[in-house]
Each structure stands twice: as structure tokens, then as C-alpha cells.
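Colleague: Protein chains in written order, with numbering that gives the first Met the number 0: chain A, 0 to 321; chain B, 0 to 321.
It is possible that some hints are incorrect.
For each label pair, taking beta carbons as the anchor points, the in silico distance ranges come out as [what the hints assert, rightly or not]: (1) A:94 / B:35: 40 to 46 Å; (2) B:13 / A:52: 29 to 35 Å; (3) A:90 / B:309: 22 to 28 Å; (4) B:309 / A:101: 33 to 39 Å; (5) A:56 / B:4: 35 to 41 Å; (6) B:303 / A:12: 52 to 58 Å.
Residues of chain B placed beyond 12 Å of chain A at every Cβ, according to the derived structure [unchecked claim]: (7) 96; (8) 187; (9) 232.
Facing chain B, a subset of chain A residues (Cβ under 10 Å, in silico) [stated by the list, open to error]: (10) 19; (11) 28; (12) 40; (13) 49; (14) 83; (15) 86; (16) 96; (17) 122; (18) 290; (19) 293.
None of these hints come from the bench; they were simulated from the model.
Note that CB positions come from ideal geometry on N, CA and C, so glycine has one too.
Number of protein chains: 2
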Amino acid sequence: MDEFELIRKYFTRASADPDVLVGVGDDGAVLRPAPGRDQVQVIDTLVEGIHYPRELSAADIGYRAVAVNLSDIAAMGARPRWMTLALTLRAADPAWLAGFAEGLFEAAGEHGVTLVGGDTTHGPRTVISVNLTGDVEPGRALTRSRARPGDRLFVSGHPGDAAAGLELLQGPAARQPDAERLVDRFRRPAARLELGARLAGLATAAIDVSDGLYGDAGKLLAASSVGGRLDIGRLPLSRELLAVAGRSRASDYALGGGDDYELCFSAPADAAEQIAALAAKLGLPLTDIGEVVAGAGLSCVENGAPVEYRHAGYLHFGEPST
Amino acid sequence: MDEFELIRKYFTRASADPDVLVGVGDDGAVLRPAPGRDQVQVIDTLVEGIHYPRELSAADIGYRAVAVNLSDIAAMGARPRWMTLALTLRAADPAWLAGFAEGLFEAAGEHGVTLVGGDTTHGPRTVISVNLTGDVEPGRALTRSRARPGDRLFVSGHPGDAAAGLELLQGPAARQPDAERLVDRFRRPAARLELGARLAGLATAAIDVSDGLYGDAGKLLAASSVGGRLDIGRLPLSRELLAVAGRSRASDYALGGGDDYELCFSAPADAAEQIAALAAKLGLPLTDIGEVVAGAGLSCVENGAPVEYRHAGYLHFGEPST
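With the rest of the complex left out, here is chain A (with noise of 0.2 Å):
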């Protein structure tokens, strides 16, 4: 059983709460705290040794930490705003926690969101969960579950990088100036919050890719209780990453490899040259990668031929089901 599927088992209970619009199951709940205003929070735990390399800097963690909890606001199209801190430690390391909280504090910098609270623990392995409170006009938070069939699929940025970069960080070639891009793709992950904020009202679903593309894109399409087909000679492949790992590498980087913190999304058809105006006004690659179709599941076509994909992206439990 993955992850999905144990939270979904144990976790999920009907609210008899009117004011959880959204919960269980979705990149982050939306709740109504006061009428007239919807609420995300999101939570997001990094585990050492699991979710980074032992040899990631302390600033580049507590950097990492706010990301990836920004990252999955962006997917909500919500604003962030407060955090609060669970850190568990092996030990009170006053460099450790320096430089940690200095990375911390840089990226809610970044994004004008505040720390409101936290809990200091103890334990074998240091483990850090953020909680991240974010805000939306009511009724425009945006899930993961409106894409139709007839709508097109796109991804923001450069899939795979970040996920070469992880393994390029553990290596001898990371001094390499196009390694060097892609390591930096993984120390410091760019929330889409403005793509996020931008889409609402414009995508129809979205989820932000942190366990692979095809996994991520498969979990809106199964929200949405929708197929779709994802065309492979598409994807929007970094120069550095073709020229670390080559395109068929490349591919599977982009598909699988995790730690993006790009938007995966669903748009209608004829909402093309919106897309294309927004990807020009951030400057941001904004790629149609393929299509929703009736159905169920995701199928990959390269070169107009399908061809089967195997891997379903990072799980935390259990092996992929191939």
C-alpha cells in the first residue's frame, strides 16, 4: 500500500463541518474562518536522509522546509501567510540551527509570510514539519479535481532538474557550472506562488509536482476521475539537464525524479493564448504536455506512438505498482 492510498484508508473521515470547503486528499485544505474569507493550510515534513542528503547545508534545509510547504499554497492558488514549526533534533546545535533558521526565515522573506509558532523535540534523526496558513478570495481556491476531459495538461519550468541536481550534490561533478544550475534547482526550490495565484479562476485542477510528473499528473487525473495522455517528446527539458544526462535520461528525470515544486495543470484548450501571455509576463516556461481524455489513467506517447512508462514517482511506502 503507498502512501496515498494508507492516508486515504486511515485518514480520510466525512466532516460534518460546513466550514472545511476541502479536506483529506487535496495539496491542502480549504477552510472558511469568517465569511468572506477562505482559508489553505497546507503541511509538508522533510526527513533527514530521506527527503535530503545529510550533506545539504543547514540554510539550504530550513530553506527547503518553507519551499516545499509554498510550493503546495502555489497549487492551492492561495496567498501564504503564517507558519508554524515542528523540529525534532538529535541535538541543539547553535550552528545547525543559525544557519537553518536563517534559510528558514529567507524564504517566508520572500513571500512576506510570517512564523507564528513551534515546537522544539528531541529525536534520532532530525525531521521538520511546516504548517502553512495561506488565504483566497472565496470560492476561488483552486483542487485538483475540475479537470475535463478536452482540457489540455501543462507543467511549469523545467521538469527533472531538480531531481539530477540531488544526485549530482552527492557527486564529484557538482562544481560543474551547468551541474551547479541544476543542484541549485534542488537547494532552492521556486514556489509558483504568482502562477498559482494567477491561474485560479483560469486552470481548471492543479497539483504541484514534488514526487515525479507522471505520479503527480496521474493523482489530478484520478481527483478529477479523468484519464490523460501525456506526450513525451513535449516536455520542456533544460538545456543543462540534456547536457548532464542526455535525452532519454533527461526524460526520465523529468517523468519521475521528484523535487520539482513546479505546477502541473489543467486548462480548456482555448485557454492557450492566456497561457502563453502568463508564461511571457513571469517568464516562465508554461508547457502544454498533453491531454485529458475520458477514462482513467495516464498513458505517455512519444513520437505519436505510445509507449509504456514504469515509473510512478517517489512513494514513501511500499514499491511502486508497475
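Take the given structure of chain A and dock chain B to it, following the hints.
Modeller: Just chain B now, with coordinates in the frame of chain A:
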């Protein structure tokens, strides 16, 4: 450096956000998501082997993970509403998860709390963080910082029971009736939500007793920039605790044991009658244990004579400074 100083040093920064009414350093943050409604957010973590023994059942762990956060919400005088859960597990054991979820939803259901999101990750030891959101009438949240010289200090319930229960839980005596009642106080803490809600407007300051009454009362006094005098002879020691531990050890459990999840609060001396009426209404002892004085620090008296208390409560890092 203890946890308290550590958090203050690295994670307290001035906020530019006018909607953050109370930030890091109290039992919870007080936020204003929209005019006309204040919100309280708390986060608390349980680490296996540190905050609970391996012997505790999965259902009790789930219950406690919610209850310790409910207790923070109670200390702020708020009504709990929504929670998110970050769960780090060694493996996805369906029996453990089923039990954990049962206890979690039991505690949540008792107070109308909805689980709205979560994140499950893999790690070497179980770590459970719950972020709980509550709401409160604007300006009515209870903080730690408004105790005034001349106020009386109170504690609810029977501090020390849970700490004794935790020790008994791991020993052979846990099945004796008195011991069993103490063990239950550890297994199933009763967050004092109704008390907290009714103290808003009556108490001047409040804190939940999680790390030991002496230490937590000291934090309330420090946050209020006042001192205090605690009368050890007035401690409301339960019959069961006295039977199992004897008077002297019972006082130690009550002052330094932790895990009580009672409320310690200050109130003007002329509120004594109202507080007695509240105790009767709730069927919960609310005991005057001392007074707030000008100055700093918490001193103890017993039979009218000063005594030195040397245990500073549970600290997550480092050693108590004696």
C-alpha cells in the same frame, strides 16, 4: 541552553504583519484571518520513546497526539476546529495505523475537530506533529503575559497524577486500582477546553501544564514580567497519588512531573468567588496555590517557611539550571 531559550534565540523575529496578534512564545499564536474573527494556531509533537513509552497502545498515542494540542488551545481560551497531521513512521503497519486513527478521531470527535490534511513520511522512529486551529472572539484570546502582582495563582485538576501514571505504566503495579487511575490520566489527558473558554475575561494569564507545574508557572510569570510564590502545602494532590507515592514524592510529581495538561492561571484576588463557582459548575477542582508578586522568579513556601525547589520541569534539551 534549554528549549525555551533556543526557540527564543533563533526563531523569534519581529513580525511586520498586523494580523499576527500574538506570535512565537505563547501556548499558541493569535491570528486575525478576517475582521470579526480571531484564530489560534498551535503545534505539538510526540516522539516515540521521548514523549511516550513504546508500551503505549496505538490508540492511546493517537488520542494523546490530539489531546496535547487541544490543551494548548484550551490555554488560549479558544474553540478547537481543524487539525493537520504530519506522521513519520518506520513502516506502514495497518494494525498500528488503524489503532492510531481510532484514538486520533476519538479525541477529535469529543470536541468537534476535523482532520483537514496531513503528510506521511518514512523515518527511523515515530514522530507525530499535529497543528490545531481554533477560533475565538476578537480580542478574547488568553495569553501568558498579563498576570499582575496581587493576582492569585490557580491550577486545575490534580497535577502529578499523569507523571506518576507514566512511571507506573512501565512497572508491575499498573493493575492496582489507584495505579490504574493514574495511568489513565497519562494515557488519556483531558484537555480543559471548557475551563479555558470560561476563563477568557476572568483570568489574567494562563498556560497549559505540560512540562511540570513549577516550570510552566514560571514561564507564565516570566512572560508577564512578574514573580510568584507557590505554597506547596496547597497543592491539590489526588488521593490516588498520595496512596501510591506518599506526600513528599507526590509533591515532586505535582511540581516537576509533566504531562498533566491541566491549566495554570492567574486571576485577580477578588475573582475567588467566581472561580469557586466555576469549579463547582465544571466539577473540576480549581485550587489557589499561591500568589503573583512584583519581581522575577517563582519561590516556594511550605508551612509558612521558604523552601527551595530544585527541579525545573521537563526540558527537551540540555539540563535544568538548578
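Colleague: Could you run down the list of hints and mark each one as holding or not?
Modeller: Hint check results:
In this structure the hint that residue 94 (chain A) and residue 35 (chain B) lie 40 to 46 Å apart at CB holds, the actual value being about 45 Å. Under the hint 29 to 35 Å, the C-beta atoms of residue 13 (chain B) and residue 52 (chain A), about 34 Å apart, fit the expected range. Under the hint 22 to 28 Å, the C-beta atoms of residue 90 (chain A) and residue 309 (chain B), about 25 Å apart, fit the expected range. In this structure the supplied range 33 to 39 Å holds for residue 309 (chain B) paired with residue 101 (chain A), their Cβ-Cβ distance being about 37 Å.
The hint said 35 to 41 Å for the Cβ distance between residue 56 (chain A) and residue 4 (chain B), and at roughly 24 Å that hint is violated. Checked against the given bound of 52 to 58 Å, the beta carbons of residue 303 (chain B) and residue 12 (chain A), roughly 55 Å apart, stay inside it. Residue placement check: residue 96 (chain B) does not keep its beta carbon more than 12 Å from all beta carbons of chain A (closest about 5 Å). Distance to chain A confirms residue 187 (chain B) as a non-interface residue, since its nearest Cβ pair spans about 20 Å, more than 12 Å.
The non-interface label for residue 232 (chain B) is consistent with chain A: the shortest C-beta to C-beta separation is roughly 34 Å, beyond 12 Å. A cut of 10 Å between beta carbons decides the hint on residue 19 (chain A): the least distance to chain B is about 5 Å, and the hint holds. The interface hint given for residue 28 (chain A) is met, as the beta carbon of that residue sits about 4 Å from the closest beta carbon of chain B, less than 10 Å. Taking 10 Å as the C-beta cut-off, the interface hint given for residue 40 (chain A) holds, the closest approach to chain B being about 6 Å.
Nearest Cβ of chain B to the Cβ of residue 49 (chain A): about 6 Å, under the 10 Å cut. The hint holds. Residue-level restraint check for residue 83 (chain A) holds (minimum Cβ-Cβ distance to chain B is 4 Å; threshold 10 Å). With its C-beta approaching chain B no nearer than about 8 Å, residue 86 (chain A) sits inside the 10 Å limit, and its interface hint holds. Below 10 Å, beta-carbon pairs count as interface contacts, and residue 96 (chain A) has one with chain B at about 5 Å; its hint therefore holds.
For residue 122 (chain A), the shortest C-beta to C-beta distance to chain B is roughly 4 Å, which falls under 10 Å, so the interface hint holds. At its closest, the beta carbon of residue 290 (chain A) sits 30 Å from a beta carbon of chain B; the interface hint therefore is violated under the 10 Å criterion. With a least beta-carbon distance of about 30 Å to chain B, the hint placing residue 293 (chain A) at the interface is violated under the 10 Å criterion.
When each numbered hint is compared with the structure, violations occur for hints 5, 7, 18 and 19.
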